[in-house]
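Colleague: The residues making up each chain are set out below.
There are 2 protein chains.
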Amino acid sequence: MVIGILGAGQLARMLALAGKPLGLQFIFLDPTPIACAAELGEHLIGDYTDKALLTDLAKRCDIITYEFENVPLEIIEFLNQQTPVYPPAKALEIGQDRITEKTFLNDLAIETAPFQAVSSLTELETAMPTIGYPAILKTRRLGYDGKGQVVLNSNDDLTSAWQAVKNAPCVVEGFVAFQREVSIIASRSVAGEIVYYPLSENQHEKGILRLATAIPNDALQSQAEQLIHSLLIALDYVGTLALELFVVGDKLIANEFAPRVHNSGHWTIEGSETSQFENHLRAIIDLPLGDTKTLGYVAMQNFIGNIPDIKTLLSIPQLHLHLYNKAPRKGRKIAHASLRTDSLMHFNDAISTLTELAASSDDS
Amino acid sequence: MVIGILGAGQLARMLALAGKPLGLQFIFLDPTPIACAAELGEHLIGDYTDKALLTDLAKRCDIITYEFENVPLEIIEFLNQQTPVYPPAKALEIGQDRITEKTFLNDLAIETAPFQAVSSLTELETAMPTIGYPAILKTRRLGYDGKGQVVLNSNDDLTSAWQAVKNAPCVVEGFVAFQREVSIIASRSVAGEIVYYPLSENQHEKGILRLATAIPNDALQSQAEQLIHSLLIALDYVGTLALELFVVGDKLIANEFAPRVHNSGHWTIEGSETSQFENHLRAIIDLPLGDTKTLGYVAMQNFIGNIPDIKTLLSIPQLHLHLYNKAPRKGRKIAHASLRTDSLMHFNDAISTLTELAASSDDS
Numbered sequence: 205m206v207i208g209i210l211g212a213g214q215l216a217r218m219l220a221l222a223g224k225p226l227g228l229q230f231i232f233l234d235p236t237p238i239a240c241a242a243e244l245g246e247h248l249i250g251d252y253t254d255k256a257l258l259t260d261l262a263k264r265c266d267i268i269t270y271e272f273e274n275v276p277l278e279i280i281e282f283l284n285q286q287t288p289v290y291p292p293a294k295a296l297e298i299g300q301d302r303i304t305e306k307t308f309l310n311d312l313a314i315e316t317a318p319f320q321a322v323s324s325l326t327e328l329e330t331a332m333p334t335i336g337y338p339a340i341l342k343t344r345r346l347g348y349d350g351k352g353q354v355v356l357n358s359n360d361d362l363t364s365a366w367q368a369v370k371n372a373p374c375v376v377e378g379f380v381a382f383q384r385e386v387s388i389i390a391s392r393s394v395a396g397e398i399v400y401y402p403l404s405e406n407q408h409e410k411g412i413l414r415l416a417t418a419i420p421n422d423a424l425q426s427q428a429e430q431l432i433h434s435l436l437i438a439l440d441y442v443g444t445l446a447l448e449l450f451v452v453g454d455k456l457i458a459n460e461f462a463p464r465v466h467n468s469g470h471w472t473i474e475g476s477e478t479s480q481f482e483n484h485l486r487a488i489i490d491l492p493l494g495d496t497k498t499l500g501y502v503a504m505q506n507f508i509g510n511i512p513d514i515k516t517l518l519s520i521p522q523l524h525l526h527l528y529n530k531a532p533r534k535g536r537k538i539a540h541a542s543l544r545t546d547s548l549m550h551f552n553d554a555i556s557t558l559t560e561l562a563a564s565s566d567d568s
Numbered sequence: 205m206v207i208g209i210l211g212a213g214q215l216a217r218m219l220a221l222a223g224k225p226l227g228l229q230f231i232f233l234d235p236t237p238i239a240c241a242a243e244l245g246e247h248l249i250g251d252y253t254d255k256a257l258l259t260d261l262a263k264r265c266d267i268i269t270y271e272f273e274n275v276p277l278e279i280i281e282f283l284n285q286q287t288p289v290y291p292p293a294k295a296l297e298i299g300q301d302r303i304t305e306k307t308f309l310n311d312l313a314i315e316t317a318p319f320q321a322v323s324s325l326t327e328l329e330t331a332m333p334t335i336g337y338p339a340i341l342k343t344r345r346l347g348y349d350g351k352g353q354v355v356l357n358s359n360d361d362l363t364s365a366w367q368a369v370k371n372a373p374c375v376v377e378g379f380v381a382f383q384r385e386v387s388i389i390a391s392r393s394v395a396g397e398i399v400y401y402p403l404s405e406n407q408h409e410k411g412i413l414r415l416a417t418a419i420p421n422d423a424l425q426s427q428a429e430q431l432i433h434s435l436l437i438a439l440d441y442v443g444t445l446a447l448e449l450f451v452v453g454d455k456l457i458a459n460e461f462a463p464r465v466h467n468s469g470h471w472t473i474e475g476s477e478t479s480q481f482e483n484h485l486r487a488i489i490d491l492p493l494g495d496t497k498t499l500g501y502v503a504m505q506n507f508i509g510n511i512p513d514i515k516t517l518l519s520i521p522q523l524h525l526h527l528y529n530k531a532p533r534k535g536r537k538i539a540h541a542s543l544r545t546d547s548l549m550h551f552n553d554a555i556s557t558l559t560e561l562a563a564s565s566d567d568s
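Listed in order, the protein sequences are those of chains A and B.
Residue numbers for the first sequence, in the numbering used here: 205 to 568.
Residue numbers for the second sequence, in the numbering used here: 205 to 568.
Some clues are possibly wrong.
No distinction is drawn between identical chains; accordingly, a pair holds when it is met within one copy or between any pair of copies.
[Claimed, not checked] Straight-line distance between alpha carbons at most 30 Å, and here's what the computed DSBU-like set of lysine-lysine pairs gives:
1) Lys410 to Lys370
2) Lys515 to Lys351
3) Lys455 to Lys497
4) Lys294 to Lys263
5) Lys410 to Lys255
6) Lys497 to Lys263
7) Lys410 to Lys530
8) Lys515 to Lys294
9) Lys370 to Lys351
10) Lys263 to Lys351
11) Lys351 to Lys497
12) Lys263 to Lys515
13) Lys410 to Lys455
14) Lys497 to Lys255
15) Lys537 to Lys410
16) Lys497 to Lys534
17) Lys255 to Lys515
18) Lys410 to Lys263
Just so you know, the hints here were simulated from the structure itself, not pulled from any lab data.
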């Protein structure tokens, strides 16, 4: 069976690594000539809007999926006329616009931060008394890893913020005074089977995820499962879905969802009975889903821009290294490491060594 | 870093899958045009004795290894003049001849079955009163998976057995009345670091491994570690090494060793903190070795000739499927499945379902 993937970055790479033992072949479409998933299949180099390439991809694949949520919707619809594409276009369509996304979530009784659409500096100024400070101004479309986001602390920030987003349609969101940031990941198969992963607790810096820690048996697990369950059903979703959440007391407030495998689920490779990548593939080719039980104490640390010395890293005996075969570059996610231990003491020791190493090589 | 592998079968495939997250690239040399590891790197198609191809391989690789023990020794020596080859030639040289191998083991005080070299029917007849019945006649060289082996139950079997081995130089071995067959796998790095895996208990049928079960904390573990330790040191070994053993009471009797990753260690992919494949690669490129702790109750079932229905297999929630992307063919190892559970009851249930499924599709 041949799987087509739009995008050939690290998520596509990890999907392909998970898919090889299932006997799957991969064809990637990505305009970047040097793409890190390419070594695991065939790489079609060209624009995502190149109809001839898309037709070629659709003809040669049994199922198509994607590794990023900014795929133009018309491409998915074009491909879908010939070959099934999962996750469904609806998830992309809703997720690509922050206003549509938040409205959709609210309609499902999933709480979000207060928000308002703004398309001019005047509208922003008018919105602020309702939203209050601090707040965040985000472009409605095409944001990720904190890109296209500006923090607003007072009326003095509004003009420069509006210049920073270059007059793009935006959403202004009230700041959520959260205690923790978490995410829940779930997979739903063509047959409708659903599995949930334990919550991940996520630490960001400069808008980029740094450390994600599995928190099985968290008191908020079942609440989070209910939220993502209603989302999966409302989207008639197929594949792996991630929902980012703020924890405020005993309440979960949705930040955003990602219709794909997610960075906060990379620890599932070693830390779960079945990884988010394998379950994404099983879901879209309609195989039974794998168990999502966590194996011990588990966490993942991203390496941004640069990688610490590999011998030093691997001298942590329960560390698992994932190099993406990407060149070092400021602010770029180029690798991660997972830890899995059966002792909380060893885990805490190893995490503190690992985060120090990551900080020492960080170039973000 | 580029790793060259002689052979592009399933062992090379699993090595490459383990090596990708370490950022390794692979070049395989294998005469078979369709080889199942080829999709994970570059495949040089040609004879193992093709000097031009070997030179090309050596030039383009940082380190070379192999997936089968019948590599002609002169090839390793030729490659080694340009690029380091691990495991060392000595391990191959000794392992390729059953007489040399058993003598070497005995010299290390590692007990074997009684044996005698025989190179004619007359010598076989002369040996039998000392060896006794039942016994096994094996070709000295080029045997694997029970190939080139004949069981001898009485003097009446000798003539036909000698015809079956086609007059090849042989060893006749006394039969060991074992209670269990086990193996121990260990890895030793360029720097001399050694790690041991827990014993695997192995069930064979028609000379082919069927089921391998991890048996951590077995009473014979430390005895097995001592045996493989002396072998690793005596061979100045680098890489992953497997030693097959018979258990007779509280004694371990060596059958043979394999200077490579081994089928009885496939359960280490999910069942160990670090797999035998990853530790083989770490060992030969001189990285620290990974922890070998077992994760729960673990076993591996081979699929011979054919594969059971995949949906049925994957409906066992803690089953991990490894398809080698090889065409079904009588007697051919084409896939395996691992089980990993944290409950002995679930494990036993799942194993019995799995072995029944394997038996139902078996074509050996």
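Colleague: Going back to the hint list, which numbers does this structure go against?
Modeller: Numbers 2, 5, 6, 10, 11, 14, 16, 17, 18 - these are the hints that the structure violates, sorted from lowest upward.
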